[in-house]
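Colleague: Protein sequence lines, in the order shown, are assigned to chains W, C and G.
Okay, so the first sequence: first residue is -8 according to the numbering used here, each after it adds one.
Okay, so the second sequence: first residue is 710 according to the numbering used here, each after it adds one.
Okay, so the third sequence: first residue is 614 according to the numbering used here, each after it adds one.
Please note that the accuracy of each hint is not assured.
[As the list claims (entries may be wrong)] Derived pair list, reagent style BS3-like, types lysine-lysine, alpha-carbon separation capped at 25 Å:
#1 W:Lys(-3) x G:Lys869
#2 G:Lys1031 x G:Lys951
#3 G:Lys906 x C:Lys743
#4 G:Lys1115 x G:Lys1030
#5 G:Lys785 x W:Lys(-3)
#6 W:Lys(-3) x G:Lys782
The set of hints was computed from the structure by calculation and includes no laboratory data.
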Amino acid sequence: MPEEKKISGWQVLMDDISMLFLLGVVIPTVLYVIWGVMEYAFAPTFSLPPGPTP
Amino acid sequence: MEEKHEDDFPAPGTFVIIMIFLAMFVLFYFLNWKWLSMVWNIGK
Amino acid sequence: MASELVFRTCPITGKKVYAVTQNLIWINAVTAVVFILVGGIMAFLVGMTRWPAVHLLPADLFYRFLTAHGLNMLIFWIIFFEIAGLYFGSSVLLNSRLAAPKVAWLAYILMLVGAVLVDIMVFTGKADVMFSSYVPLQADPKYYLGIILFAVGALIGCGIFFGTLAIAKAEKTYEGSVPLVTFGLAAAAIIAVFTLACGAIIYIPTFLWSLGLITNLDPGVYRLIFWGMGHSSQQINVTAMVSIWYLLGALTVGAKPVNEKICRSAFFLYILFINLASEHHLLTDPTLSPYHKMVNTSYFMYLAVLASMIHALAIPMMVEVAQRKKGFTKGLFEWLTKAPWGEPGFPAMIFSLFIFGFIGGITGVVYGTEQLSIKSHNTWAMTGHFHATVVGGTTLAFMGLTYYVIPLIFRRELIGKKLAVVQPYIFGIGIILIALGMGGAGTLGSPRRHWDITFAQSVIPFSFDPAVIFFTTIAAIGVLTAVTGGAMYVGVSVLSVFFGRKMAANEAKLL
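Using the sequences and the accompanying hints, generate a full structural model.
Modeller: And the structure:
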């Protein structure tokens, strides 16, 4: 009976295109897009001091 | 008779090319930091 | 339908080439060449305007044609070629029928209509906004609509690629893991999905803003998400280019990676982290915190740089090992000097590798450092960097591949083989001069996207160090050389595709 070649966990991950797709979309979306938009959304706004504008 | 060294790195030419590449990297980094220091003085 | 299952067997590789796949590769690749012709004419005109000795165009046409140059080269030429590559990497390399060929044709039509619409808007002066179209600069709504249509078409093309991978796996048309080239193209397609999603997120509101349906678009957020599309689209090019290097290595010298596991792991790092490099466009933006900048560019992006280092070692190494096995073992470099320099694919691959690595890669990583970015941002040094990467790297690799696609896939003999052999040298030398000239001038402060660096019409006179003019002249000579190389590529490709001798079904001849 031929010996079954053991496939490493790493190869299983590399062969799983859907998992790679998920990681490839989620990681930059969270670290770059969502974090960046949150920084813009919560950036403190500047208010002019009271009194006539010079 | 030349001995065949099984442990020899199989691509010595590529190794030299990569070392030149890394040296150029270091040089370009150094030059850019130097040029930055020349246009943006910090301190006295 | 039965017509979708008609195939021929390649006499050289033994692969099944389905007729529908062949036609789709043909139409996407030929269309790509049309757009490189448009972009190349713009390159000549813009280059001759930046050269103060010629200063060809008036200001309004300079910015208009610069916009056209950026779009036709960075987006239309490259993405049409990549879609052709995706169909090749899935259907041909996996011996599989293509998923939904009619949808693939729809994708092509959307991309073509979008690209033509964008070009019409640009050339009629309704979109003088540069490739980056930063708000509050506003173009005609049809410009944004054109880009959206193009992006949707490209996204569908990526979907066809993934669908074909699924069909190949289900129908067991290949054994084990997908080939490395297909894996690399899959990485490119995954990056493309993020890219196009960012494109949709930013271009749809911008389109609505141009119609007056949205009153305000924050320029900072625009830049953040635009470059999520803009730079990531270049990372698709990097990943596809690296895949093509592996393919060209196999085609030219029969090279195989020494350790394929490491190469695949490097593509995995690209998938996870390469899109974070988009941050380097935002390093001088005020609102984003240093944390966002450093985590994205200083930490995670370097994992993608590590991946590039792996490929930079693996590819020359696999070529050297293959050559040494053939007996070229004298000294350190006989494997390189005795390589097939007389075939167009080999010099294209080597020039592409060295220009991308030594010039593009080094400048990219260095200028992407937060502090160093301050000195180089918005200078011509940036332009020098990306001409080295996208033109010297990706475009030259694609040019080299074209000379194999024509006989292998289109089954036409090359017309002008001697020109095809010389073309990568001429184009490569031209790009080296462009990159070094732009880099030198930019380091001395010469700005990018500027019509007249002599400031002749400026109210306050200013003149650069004369060395700027020297480097600008070097770049201009590079433009003339590269445009010549580009014209040779277009000439050989078009003549061969339409008029090259049709090869017999069992004719096993490459070049």
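Colleague: Taking the hints in turn, state whether each one holds.
Modeller: Hints, verified against the model:
Of the pairs offered as hints, the one joining Lys(-3) of chain W and Lys869 of chain G holds, with about 23 Å between alpha carbons and a cut-off of 25 Å not exceeded. This hinted pair checks out: Lys1031 of chain G and Lys951 of chain G have alpha carbons roughly 19 Å apart, not beyond 25 Å. Under the criterion of a C-alpha separation no larger than 25 Å, the hint pairing Lys906 of chain G with Lys743 of chain C is consistent with the structure, at around 22 Å. Only pairs whose Cα atoms come within 25 Å are accepted, and Lys1115 of chain G paired with Lys1030 of chain G is accepted, the gap being roughly 15 Å.
As the CA atoms of Lys785 of chain G and Lys(-3) of chain W are separated by approximately 19 Å, the hinted pair is consistent with the 25 Å bound. As the CA atoms of Lys(-3) of chain W and Lys782 of chain G are separated by approximately 19 Å, the hinted pair is consistent with the 25 Å bound.
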